[in-house]
Structures are given as structure tokens and as C-alpha cells.
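Full structure from sequences and hints, please.
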Amino acid sequence: MKRAELSRSRKLFRVLVRALPFDFQMNYGGEMEGVFHDQVREVKETGGPLDFLKLWAETLTGIFTTAPREHGEIFKNDCSYAFRMMRKNTGFTAVAVLTLALGIGANTAIFSVVHSVLLRPLPYAKGQELVFLRQEAQKVGNNDIGFSVHEIQDFREQNKTLSGLVEYHPMSFILFGHGDPDRVRAAVVSANYFDLFQVKPLLGRTFLAGDDTLGAPPVLILSYEYWKNKFGSDPGIVGKTFEMNDKVHTVVGVLPPVPQYPVESDVYMPTSACPFRSSKAMIDNRDGRMMEVFGRLKPDVSATQANADFATIAGRLKSEYPKSYPVNIGYTASAAPLQAELTHEARPTLLILLAAAAFVLLIACANVANLTLARMSRRERELAVRTALGAGRSRLLRQLLTESFILALLGGALGLLVAYNSLALLTDFAARLTPRAREIQIDGGVLMFTLFAALGTSVVFGTISALFSRANLTSSLKEGSTGAGAGQNKNRVRSALIVSQIAFSFMLLIGAGLMLRSLIKMLQVDPGFVPQRVLAMRTTFSFSKYKAGPELVTVIKQVLAKVEAVPGVMSAAISSAYPLEPEALSAGAAAFSGPFMIEGREVAAAEAPPVGGQVVVSNDYFRTLGIPLKAGREFADTDDGEFLVAVINEAAKRQYWAQEDPIGKRISGDNGASWLTIVGVVGDVRDFGLDQKVTPEIYTPHSEGAAPSTLIVRTMGDPRGLAEAISKAVHDVDPQTAVTHALTLEQARSESIASPRVTASLLAVFAGLALLIAGAGIGGIMALAVSQRTREIGIRIALGAQPLNVMRMVLGQGLLLAIVGVGIGAVGALALTGLVKTLLFEVVPNDPITFLSVAVTLIACGALASFLPARRAASIDPIVALRSE
Amino acid sequence: MTKKSDGESYLPLTPAAFNILLALADGEKHGYAILKEVARRTEDKVRLSAGTLYGNLARLESAGMILESDRRPEVALDDQRRRYYKLTKFGREVAVAEARRMEEALAQAHAKNLLRKPETA
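Taken in order, these protein sequences are the chains called A and B.
The opening position of the first sequence corresponds to residue 1 in the numbering used here, with each subsequent residue numbered one higher.
The opening position of the second sequence corresponds to residue 886 in the numbering used here, with each subsequent residue numbered one higher.
In short, the hints are calculated from the structure, not lab data.
Warning: the hint list may mix true and false statements.
[Stated by the list, open to error] The calculated lysine-lysine pairs, modelled on DSBU-like cross-linking and capped at a C-alpha distance of 35 Å, are:
(1) K240(A) to K160(A)
(2) K545(A) to K521(A)
(3) K971(B) to K11(A)
(4) K693(A) to K545(A)
(5) K921(B) to K76(A)
(6) K11(A) to K930(B)
(7) K247(A) to K200(A)
(8) K11(A) to K997(B)
(9) K44(A) to K200(A)
(10) K230(A) to K240(A)
(11) K562(A) to K630(A)
(12) K139(A) to K665(A)
(13) K298(A) to K280(A)
(14) K728(A) to K562(A)
(15) K974(B) to K914(B)
(16) K545(A) to K240(A)
(17) K971(B) to K54(A)
(18) K930(B) to K76(A)
(19) K200(A) to K126(A)
(20) K54(A) to K11(A)
(21) K54(A) to K930(B)
(22) K693(A) to K630(A)
(23) K971(B) to K44(A)
(24) K921(B) to K44(A)
(25) K921(B) to K54(A)
(26) K298(A) to K318(A)
(27) K247(A) to K557(A)
(28) K298(A) to K139(A)
(29) K230(A) to K545(A)
(30) K930(B) to K44(A)
(31) K76(A) to K997(B)
(32) K930(B) to K997(B)
(33) K971(B) to K76(A)
(34) K298(A) to K323(A)
(35) K54(A) to K914(B)
(36) K974(B) to K76(A)
(37) K974(B) to K11(A)
(38) K160(A) to K200(A)
(39) K247(A) to K728(A)
(40) K44(A) to K914(B)
Right, here's the structure in full:
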């Protein structure tokens, strides 16, 4: 029994000894075990169980104080040795650190975006409980029809899974009382909106239940940014009053700088203060859906449970109000975590960029490993001598890993600088994909990532170089310094590294190439209008002032006449939206579309009704934008609202009147209460993005009642110079009209493809980096091969080989590496490009043109990189070469 | 190997290191014997464990204060793995320097009457 215990103790001790450095174990491990064995035996013979425990306590303390000391000592020595080596090889150090800095920097930068946008919880207390509710009309392709007042009440009262439910809708109002009339982005919200998000005010208070009752004195809360930019962070702002919608509003609070979802607003107001939301018509109409709804899940309730809850409520509503939820629209209700809702658009792009950055880092690793190997072949003698003098292999491996760790750490520090400097650019880019872009920053999590990236990097390239140099250590003493066997073996490793660099570069270049081709395709798309020399300006007429249609029609007519009289203006029109309008792009076509009826056509209960986008325009809209008339006529002054008319686009004709002439047919957007006669067909316009397919659209003249809000002006020269004159012309007619957000349609077009453009540029930058690193790699390895084979090449030339043949031989080897790399890369790219499919426009992921041109580029790059070494090989003087040994 | 000039730079020694040097002062010993001798001499006040013993031996060896001895005991009597250590000339010098340092400190303590027996125990 005693023997068994003895050997158990001994086994455990043997495990503990492993905490010590390898060389220490080799040197003293056996003896230590012997000493311990003697101690245990003595205790067994003379002591009691307490003495045995005491022995173990002392032994454990001994090993765990000795181990860190020994490791620390080694690390200190390795570091000072590494720094000496680095100082001696400044060229190598600079190239390696720079390469790693670019690799790690790219990863850190992209990761900071991924971290802030996709990984970090929403910056609200228990942000994971926040959900976004939606009602969908799936059969008419609308995945967010909004909520009406009735529906909000129903969901609030009937749900069993939420601890709170609030509504929100964005409006534009004109704020008076502080300089020029200012058009503000107003968020109309429930009184408990900020309580639900758990946002505490910076100044004053948030809304109280009393603020949100009809007839309560109107109050406002300012966003932090608006308060800072517009009022210079005036600490006395609370209590000040502004006029808006003909009512005096009192500021009751200022928000802290929190990210605002789903869009940024300047001011917040309770629902009772919004003239639309509080109108009787809106409150009574179950179908008046314009609100968005957020909820907070009760603790321990999942989004899935909430979904089931809402589906039940939706089912109940469907059977209770069949008229509001016709079977054929496919009505459902659901909830999604707010975080996912705010970031789903950004996710694929960001993940692809992260993968691309990781590729760059892998290429950088392969390159530094290659550089290290090349340097190692020069240090081989030194390392072999050290081995011979008794340095264990693991000791050398450890030394090499320490060196690579220091290199990677320096690279990481520099990379952090690279990332820090690209942050503003990336935030700007991410803002097009997600409202969370504002939160992007380099924080502790990102720093940890950088540290781990550097650590991982050093392990990858350190291990590669250590493993392959170790294999050769023994042989290098036996042979000459350019020993053929070991040298060739190592060259094979280096070639494999080069091939992998080229393969990864190929995949990156394919990614960038495909994005570039998509972008070019997008630029070639005919937008359906002439964007040159057109200015669009948001023009908001006071809602309260021009309540009735005829008054507004008159004002608009006056405004248009005045604007057209401005020198340099060719024509002017007014409309509810304009093509490629930034807000319209992010909302999507469905948000502007609704079902309509075609006279004489029955729609079966289970069938989806016709759906079309609705645009309200003035007479000269088509002419001003250069949208061609295809049939019938445009709107005229005679369309005065008595006889209702509409113009459709060709997509609508194709979809609903494919076999007949739509002119003269009648449609209704209000369930047959009123009918519009189609009088014309115009060309298709890519209203919602150059890469979006054109959907049916119905244009109606503004004289039929709706209030358009965008002034569109075609000019003779640069339209930007006229913005001021135009806004003055509008103010001449009505000084209370806000004219804001001037944007040329060319800007709008360029803006509409900014996101694919930036994605393409980032991928192109990554691919360019990869190409540069891989090219330098090929050049380096060929130069090394030539210098290693100087004697052999000298002999060949002495034996009569033509310089041209020698050159061809070296070039051929470089090209072979490039071609093998391209082959492997092509296979990898074919396997991976499915991932970028969602980002492509009219380009297939295995686009032969892209593949071919990338292959040619890489092979040409390989040839170019091998050219210099090849020329040097050809010019080797056999006499000098033979003497050099 | 010997570093006469910088022997002073190793002072003061840790109690463990000093005791190991003392243990080797009267002859070569293997690890377990050192450990036992130190415990016996200090009446168990300095107890070395395997880890601290060999950590110290490694450091003393690389500083050139001790050496592995060529002497092997008869095979029948001893474990083959046991190595014997002996004090080098330099090691002896360092140990002496450490003892002198302590002696001086002691003398100063006496001069200040620190070590006079307290009146009340």
C-alpha cells in the first residue's frame, strides 16, 4: 500500500515538474524526482499524515515559485538577444514589422467596426431585451407596413410577453423662434419612450404621462447633438419656447449623447403634439399605419416566445377586422431583436471585409515567415553551433518564438496606429449600412483583439520558421553553407509559402474584382432620368397654414413661377420624392408602395392585389428630370383635381396591362372610393437604387391633394451655385417655408452607390496590399535562389549555357510558383465567392472575365518580380562565381 | 568560470543560497544530502523543497559558485541519477564575503547594544 502511494506521489510530482522550463527539466528533473522520492520515503517511515501534507505544501510552493523565475529569466535573455538581432538586421526588422503592421492594422480596423456594430450589446440597460415589432403584408412584398393607433393599443393591451411597448414615427417640422425657420427632424414618441430605453435626461426631464394626453401643453426634448450644434450647449435651454405647427412648444429636457435609433432626430415630442398623429381621422382609422413600434421583453422571455404571442394577436385581429386585414395581403405580426434589426444590412459586408483582412494577415504571416527563413539560412551556422554547444532544440524554438513575438508586438502597435487613423473613414462607411456606426471606437475589446492577433501571428510565423529551420540545423554543420540537400528542402518550404501567398492574393483580388465589376455595371445602368445639372431641395410648406388643397396648389404654382424666373433655371417641378433620394433608398420601394384596384378586375381572396409606388408630382416633373414619355400625355394645368388622372411607368404597364393599352383605364387606391384615369405612360426610373429592379409606379398630380415636399430644378450651369437664389425665390413667396437639404441628383446618384464603392475600394486596398506583399515575396525568394545557386549557374554558363536560357530558367521557376498559386487560388475562390454573392450586381461569382484578368495580373506580377533576379542570373560571370566559394 | 571581481555583486545571498553553500563547505554532497544537512543544521528553520533546492543549485552553478563533481559513489550504494555538487573557489569566496557581511552587521548590532539580553523577558 505504501509503495502504491509512493508511486502516486511520484507521478504527480513528475507532472508538476513540467511547469519548469524544458531545459531545466532535462537538467535537473530526474534528480528532483529522486530528492522528492527520498523525502516521501522518509516522511512515510518517520512522520505522520500531517508531515506528508506539509511536504506537499512545501513542494508545491517550491515549484511554483521556481518555475516563473526560471521562465522569466529565459524570457529576459531571449528578449535582449532578440533586440540585439533586430538592431543588427534593421532592413529585415523594418520590412517584417511594416508587413505585420499592415496586416494587423487592417484586421484591427475592420474588427473595431464588427465589434462595435455586430458584437457589442446595444448601449442601453439590458439592450438584449429590446425588440422591434413589425406587421407584414407578405403577399404584397411589404415586410413592414407600420402600425396604426388602434393596432398599437391592441398590441399593448393583449400582449403577454412585453414589459413595455412604445411607438415612434419621424416627421419634419419647421421650428420658429431661433433665427431662420429651421426644418427639424422630429421624432414623435410615446410618453414612456425613454423609460423603455432607460435613457436618463442630461438636463430637465423626459416625458411624463400627462404630456401625452390630447390638449396637454406641447413640450419638446432636444437631442444632445441638436442642443450642442444649434444652441451652443446652452445650459439654460430648459424652459425656452419655440413655435412649431402654430403652437408654442416648451423645451423640457435635453438627451444625453446616446445613439438614436432607428434614425437620428433633432427634437422629440409626445404623440399628442403631432398634428397628424393626434388628428381624429388618424386615431379612428385602423388602416392609418405610419408608426413604428418597439418593445421590451419581460425578463426571461425569448424573442421566439414573443413572436408566437404576436402571431396570436395578429390572428385575432384578422378574424375581428377582416376588412382591415384582407386575406390576400398575407398579414402577420412578428418581433425581432432590435440589435439584429439595426445591423442585418451591415452584417454580410462587414464579415466579408473581416475575412478579407484576415487573408491579408495570413499573407503577411507567410511573408514574414519567408523572410525569417531566408534570414535563418544566414544564421544557420550560428544556430547549429549553439545546438552543438548544448542549447536544446526547444530552447532555440523558444528563442525564435520570442523573436517573432517581439516583431509581432511591434507590428501590432504600429497596426493600432494604422487602425486608429482609418477609423473616421470606416465610421463614415459603416454609417451607410447601420445606425450603430456612431458607436464605432477602439476600446478594450479591440485592444485585446489586436493583442491576440499579434500573439496568433507570432505563433503562426514563428512556428513555421522554427520548425523548418530546426529540421536543417543538424545538416548545416555537416555540409557546406549552401548545402544542397537541406537548402532544397527549405526552398520547397519557401516555395510553398509563396504559393499560398499567391493563392490568398488571388482570392482577395477576385473579391475586389467582382465588386469592381458590379460597381461598373451599376454605373452603366440607365437611371431612367438625366441626373446632370439638377438640384433637389426639401421644401416644406407649413402644414398648418395650407390645410386645404387649393391654397397649397396656388402657393406651389407661385413658387414654381418664381423659381423658374431665377436666371440660370431651365425648369422647376415639385414632387413627393425624387429618384435615388437617400431616405428613399434606405427605406426601400415597399415603404412607398401600396395596393390598388384596377377597374373591372376581380382579385380572388387568396390572390395578391396589384401594388404600386405612389409619387405626387407637379406638371413639369417628367420634363425637368428628363423622364421620357412613352405613351399618352403628361400632366397639364387642366388636371385640376376635378377629373382625377394618373400616369404610370412602363413597369406597371408590363405587369398589369401587358396585353392591352392602359390609357383610359381606371384605378383606385382607396378601395373604390375614387377612381383615377390613366392618361400617360412614362419611362422606368430607378428610384430606389441603381441595383434595384424597377417596380410599378403611379404618378398623380399634386393638385389632387397630397402635399409634395421636394423642389426639383434643372439649371443651365452648375446647379449648386443657384441653391441660394432658389431658396430666396421660395421665401419671396412664403418666408415661413423651410428650404433645406440641397443635393444635386448627380450627388444623389454617387451617394446611392457609395456603399458598394467603399466596399470595393477597401477590398481593392486589401488585394493591392496582398499583391505587393506576394510580389515582393516572389522577388525575394527568386533572388535568394539565384544567389544560392550562383556557383551552379556559373558552371552552366562556363559549360556554354546561353544567358538567355539561364534567364528563362529563373523566370520559369518564378512563373511556375505564380501559376501553381493561381491554380490553387482559383479553386479556393470558386469555393468562397458564393459568400460575396449577396453584394454583387449583375455579375456571377465565377465571372470568367474577373477570373481571367486576375490570373493574368498575378502571373504578370510573378514574371515582373522574377525578372530582376533572372537578369542577374544571366549576367553571372562564371569566373567570379567559381572563385566566390 | 570564476568571477573574482564581482563576487560582491551577489551579496546579500538569499538564506537558501547561503545555506546551500555552507552545506557544501565541508565536502561534496548530492541534492538530498544538502537538503538534509541544511534542515539538521538550522534545526528545521530553513526547509528546502525539491523546487527551491534545484532552482538555487541552477543559479549557483551558472554563477560559477558550485560545480558538478566527478566523484561517483559505488554503483551498489547509490542512485545513478544522483549528482554530487562541490563548492568552487569562487563559491567559497562569496560564502566568506557573505559571512563577513553578516559578521559586520552583527558587530554593529552589538555596538548599539541591541543584542544585550532584555531586562524583562
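Tested hints:
Between K240(A) and K160(A) the CA atoms are separated by roughly 41 Å; this puts the pair beyond 35 Å, and the hint is violated. For the hint linking K545(A) to K521(A), the alpha-carbon distance of about 46 Å lies beyond 35 Å, and the restraint is violated. Between K971(B) and K11(A), the direct Cα distance comes to roughly 30 Å. Compliance with the 35 Å bound is thereby established for this hinted pair. In summary, the hint linking K693(A) to K545(A) is not supported, as the alpha carbons are separated by about 39 Å, beyond the 35 Å threshold.
Between K921(B) and K76(A), the direct Cα distance comes to roughly 33 Å. Compliance with the 35 Å bound is thereby established for this hinted pair. For the suggested pair K11(A) and K930(B), the alpha carbons sit about 29 Å apart, so the restraint of at most 35 Å is met. Using a Cα cut-off of 35 Å, the hinted pair K247(A) and K200(A) holds, with the two alpha carbons roughly 27 Å apart. About 54 Å separates the Cα atoms of K11(A) and K997(B), which puts this hinted pair outside 35 Å; it is violated.
Proposed proximity of K44(A) and K200(A) is contradicted: the alpha carbons are some 69 Å apart, above 35 Å. A distance of roughly 14 Å separates the Cα atoms of K230(A) and K240(A); the hinted pair therefore holds under the 35 Å criterion. Restraint check for K562(A) and K630(A): satisfied, since their Cα atoms lie roughly 30 Å apart, inside the 35 Å limit. Restraint check for K139(A) and K665(A): satisfied, since their Cα atoms lie roughly 25 Å apart, inside the 35 Å limit.
Between K298(A) and K280(A) the alpha-carbon distance is near 33 Å, which keeps this suggested pair within the 35 Å criterion. The straight-line distance between the Cα atoms of K728(A) and K562(A) is roughly 10 Å, inside the 35 Å bound, and the hint therefore holds. Using a Cα cut-off of 35 Å, the hinted pair K974(B) and K914(B) holds, with the two alpha carbons roughly 16 Å apart. For the given pair, K545(A) sits about 24 Å from K240(A) by alpha-carbon distance, which is consistent with the 35 Å threshold.
For the suggested pair K971(B) and K54(A), the alpha carbons sit about 29 Å apart, so the restraint of at most 35 Å is met. Of the supplied pair hints, the one linking K930(B) and K76(A) holds, its CA atoms being roughly 33 Å apart against a limit of 35 Å. For a cut-off of 35 Å, the pair hint linking K200(A) to K126(A) stands: about 14 Å separates their Cα positions. Only pairs whose Cα atoms come within 35 Å are accepted, and K54(A) paired with K11(A) is accepted, the gap being roughly 18 Å.
A distance of roughly 14 Å separates the Cα atoms of K54(A) and K930(B); the hinted pair therefore holds under the 35 Å criterion. For the hint pairing K693(A) with K630(A), the CA-to-CA distance comes to about 19 Å; that is within 35 Å, so the pair holds. Distance restraint check for K971(B) and K44(A): the Cα-Cα separation of roughly 30 Å lies within the 35 Å cut-off, and the hinted pair is therefore satisfied. Taking the CA atoms of K921(B) and K44(A), the gap is near 16 Å; set against the 35 Å cutoff, the hint holds.
Distance check on the hinted pair: K921(B) and K54(A) sit about 16 Å apart at the alpha-carbon level, within 35 Å; holds. A C-alpha spacing of about 26 Å is found between K298(A) and K318(A), which places the hinted pair at or below 35 Å, so the restraint holds. The hinted pair formed by K247(A) and K557(A) meets the criterion: a straight-line CA distance of about 27 Å does not exceed 35 Å. Between K298(A) and K139(A) the CA atoms are separated by roughly 31 Å; this keeps the pair inside 35 Å, and the hint holds.
Restraint check: the Cα-Cα separation between K230(A) and K545(A) comes to about 26 Å, which is no more than 35 Å; the hinted pair holds. Pair hint K930(B) plus K44(A) holds up; C-alpha atoms about 21 Å apart against a cutoff of 35 Å. Note on K76(A) and K997(B): the hinted pairing is violated, with a Cα-Cα distance of about 43 Å set against a maximum of 35 Å. Annotation: proposed proximity of K930(B) to K997(B) holds, straight-line Cα distance about 27 Å (limit 35 Å).
Taken as a hint, the K971(B) and K76(A) pair is honoured in the structure, with Cα atoms around 29 Å apart against an allowance of 35 Å. For the given pair, K298(A) sits about 32 Å from K323(A) by alpha-carbon distance, which is consistent with the 35 Å threshold. Distance check on the hinted pair: K54(A) and K914(B) sit about 25 Å apart at the alpha-carbon level, within 35 Å; holds. Restraint check: the Cα-Cα separation between K974(B) and K76(A) comes to about 29 Å, which is no more than 35 Å; the hinted pair holds.
A hinted pair counts as satisfied when its Cα atoms are at most 35 Å apart, and K974(B) with K11(A) does not qualify at roughly 38 Å. Proposed proximity of K160(A) and K200(A) is supported: the alpha carbons are some 27 Å apart, at most 35 Å. Note on K247(A) and K728(A): the hinted pairing holds, with a Cα-Cα distance of about 26 Å set against a maximum of 35 Å. About 23 Å separates the Cα atoms of K44(A) and K914(B), which keeps this hinted pair within 35 Å; it holds.
The structure fails to meet hints 1, 2, 4, 8, 9, 31 and 37 from the earlier list, while all remaining hints are met.
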